[in-house]
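Here the protein sequences line up with chains A and B, keeping their order.
With our numbering applied, the first sequence corresponds to residues 1 to 932, in that order.
With our numbering applied, the second sequence corresponds to residues 933 to 1041, in that order.
No wet-lab data here; the hints were simulated from the structure.
Cβ atoms here follow ideal geometry from the backbone N, Cα and C, with glycine treated the same way.
Check before you lean on any hint, since a few could be wrong.
[To be verified] Covered stretches of chain B (in silico footprint by chain A; criterion: 3 or more residues with CB under 8 Å from a CB of chain A, positions within the stretch not fixed):
#1 937 to 944
#2 955 to 969
#3 977 to 985
#4 994 to 1002
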Amino acid sequence: MALALIIALPFIGAVLPLLLERYGRSACAFGAGVGPLVALIMVLGRWEPVFDGQAEIVTLPWLPELGLNLSLRLDGLGFLFALMILGIGLLVILYARYYLAKTEPMGRFFAYFLMFMGSMLGLVLSENLLLMLMFWELTSLSSFLLIGFWGHQSDARRGARMSLAITGGGGLALLAGILLLGNIVGSFELSDVIAAGGTIRAHALYPVTLILILLGAFTKSAQFPFHFWLPQAMAAPTPVSAFLHSATMVKAGVFLLARLYPALSDSEWWFYLVSLTGLATLLVGAVMALFQHDLKGLLAYSTISHLGLITLLFGLDSPQGAVAGIFHIINHATFKASLFMAAGIIDHETGTRDMRRINGMWRFMPHTAVLAIVASLAMAGVPLLNGFLSKEMFFAETLEQHLLGSFYWAIPVAATIAGVFSVAYSLRFIHDVFFNGDPIDLPKYPPHEPARYMKIPVEILVLICLLVGMLPVYTVAPLLDAAVFASLNGVVPPYSLAIWHGLSLPLYMSLIALGGGILVYSARKWLFRWYDGLPSVDSLHMFERVVSALSAGAAFVSQLLENRSQQRYLTLLLLSTLIPVVVALAPLDSLTGTVALSPLDPFTVAGMAILAVTSILTVIFHRIRLVALMILSGAGLMVALAFARFSAPDLALTQLSVEMVSMILLMLVLFFIPDRTPAESSSLRGTRDLLLAGGMGTLVAILAYAVMTRPYDSIASFFLENSVPGGGGKNVVNVILVDFRGFDTLGEISVLAIAAVGIAAMLKGLRLPHPIFDYMGRPWSRDSHPMILGVLARLLLPMALMVSAFIFLRGHNLPGGGFIAGLITAVALIAQYISLGSAWSEARKPFAYPALAGAGVMTAGLTGLGSWAFGRPFLTSAFGHFHLPVAGDFELATAMLFDLGVYLTVVGATMLMLASLGPLGRGTETAAKEIH
Amino acid sequence: MEAFYAGTLGVMVASGVYLLLRARVFPVVMGLTLISYAVNLFIFSMGRLGTDTVAVVGSSETMGDPLPQALVLTAIVIGFAMTAFTVVLALRSMGEVGTDHVDGQEPRA
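Can you make the complete structure from the sequences, with help from the hints?
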């Protein structure tokens, strides 16, 4: 688990700088350094097995069903990258201590920085590809925070947004690619994937997989044509650029190429895609770098160019190419990080990054100048420096390949041209900045050497450039060997780190590059003029135009789907249910199944016909609301009859009582809203709705018919057989409700109670004007509580209560039960409200309805809990039989207690809903009278 | 009988959907009510239509499928709660914005 700790250390350490910030900048930087330092020591302590070619792999299952494991791997390649991340990271922390101004939130900066560092470590030490992808996305996110650290500057915000959009988009492609890869291999573990190169290349989906993965790698490593985000990211503080844009973030892409090299390379697809992209990037970057006037812009394009070089090396599809690629990753990281730091020092001391103004710095900061010059020479590939070695290997490799047929010479020629420009822009960095006359109009004058400790990181890096350049065999060789061994899956091709190979073609290419570079640089005045004459391409502007076009497109689509019209939403919703059902039903051979139809009988047919006709009449009369409601209630009664006809007495009783309650509710509501619906549908809308309605109706009819005429297999026999022995009741429907599926019912009565409370809450404080006339202009009757009705209702109440008690008690064995009994009670109570007025009834009610509903849910819940006391699962029921005179043999079960809860909830909730509507118009009556 | 039953369901659903697509709250609620009738009958019919197959042990020779019935029974009650909630929501919104149009504002003329 030490590997997990290595990754976790920077994340944990991210807290320290935040805590130590108040004790000064040095304490803050020190706090930031602790985590990486410990991690670095832990990594270094593992050099022995790694250099022996062993890979340390630890696996912790996370979501093994998805192939996602917390598995980590430390081998040569991971070791090399971890070393670069932690080592250069520590140097950058030291550097940033002096770079950031006193006023800047240093704790926050280091916290972001360490988060990025941890993500990057996770990325290079992951064994599971999905885990790696997670860290990959984390690097995108944390780099967004770092690039946009100076959030008050608009170019920082835009640069951060752009880099997130490009690398995040690439991350999505990579996700798809890795999912495909895992699907092909059958595992997301790197060891399996690397071992399955042959299977992968032979698979039909190989090209797609490769392209998707390469999209991820190329966007991250700023390869042409996705390179444009990197120069924009230069708006970041320079320590960020030194870390992210030299050694880490942009190297993640080429790391991926090195990591998956055994799995994906060795095919024409790989060669053409990778090498040509690398070649284009190499050239574009090198040429563009020369024409940048911004110090960091030059370095950014130079980074692009070097990343192209590394990509090209991997694309050449030869083991030696991969060796050179990995070697150049190391060298580029060292000299580019030191150059970025030097550029930051110059920027810091002069207040500008414009090379047209910064001249003659040699006089002001000779120490920094020496360091920067050595690093630039390494970048140019001058002998005795590390850049020379890998560049020489690169030139040699370009001569080895023969994949472009008779145009094989194009790659070495292009490489030499890129070398020429690379020398030219390195020269510009040296000559234009440190010599070339006097500085022009600097914001800070005179510039001077920076703080002593700010130069130490640069010195260390430049020393590495020199040591590797002069004594490669004694310094970098074992590290390179181990990394190559891991990257090529155990094969180390013969290669030589000698400085002198004799007078060979690669050496001549180097010499041509040097001489050509000097020539190009001396012709720079003409070249700049030529460049200024070119149409300028503002990538940021173009990118923002694409983004705003995209968001305009998205807004257009949203407007189509979401125009704040409920009718539009419903139409779309219904259409999108219609279409899948049509598609699903289409393959059916015949609508009629094998089951014979049951015979028609005239009464049922008449009932069904009435049901259909009342439905249609409701539509026809829907604009005269009261009439439509009356017709609708007719339909509801027919539904109850249908249930009774087809052997479902419980349903018939429920439907009947619910029908009464809901009609009363709707009539109450109708009192407060207009009693006519205006004719406002256009002919087009009416036709469209008719078509849609017809379609839905037809589909439901077809579906119902197709199902009913087919045989089916039901779980009903279980309930029928176990109802008496298991639930102690003969009415299977009721036993299901209160016993077998009691938990469902508990949920349902809770919903009922919640809905009622919600209704009461919505109506609280609402006052709606009392209408004075009906739609015909007739005044409403003032005789609201007729005497006869009142007397009858009061007489009826005890009888109704008795009926509901009877229905409740017999419910377990005969049709009835808590739901029905509750509804009957509610109807009887409502009758009091109607006939005697809500004020009269409210004053006499024995319980508050919310309390009643709550008590019901609680009774049911406690009954369920009660079974725990007997060591049984929730809602287990117990029962026994009793005999009462008159009522007959009935049974007392705990299920009955549960049913009592149902009963109380139904009464409480229903009454709460209806009684809350009563007082709605109260208080406006008097006002209405006065107007009248 | 099944064909007749299915046809009736179709007519109910069509009427309900047409009402559901109206612009005022009250027809929409009536449409919802019609649709829930139809849906309840539909679910009920998944246990097949039987005559004299009451699901009470000992009352008939063959017993129908009690499970759809139990489901529909609670659905009827919950359907009522939903209708009530919808109309009260509409009432409240009428009190707040002064219109019974489903979009909360009168259509632009």
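Here is how each hint holds up against the structure:
Against chain A, the stretch 937 to 944 of chain B contributes 8 residues with a C-beta closer than 8 Å to a partner C-beta. That satisfies the three-residue criterion, and the hint holds. Three residues within the 8 Å Cβ limit are the bar, and the stretch 955 to 969 of chain B against chain A gives 10, so the coverage statement holds. Counting residues of the stretch 977 to 985 of chain B whose CB lies closer than 8 Å to any CB of chain A gives 9, so the stated coverage by that chain holds, three being the minimum. Against chain A, the stretch 994 to 1002 of chain B contributes 7 residues with a C-beta closer than 8 Å to a partner C-beta. That satisfies the three-residue criterion, and the hint holds.
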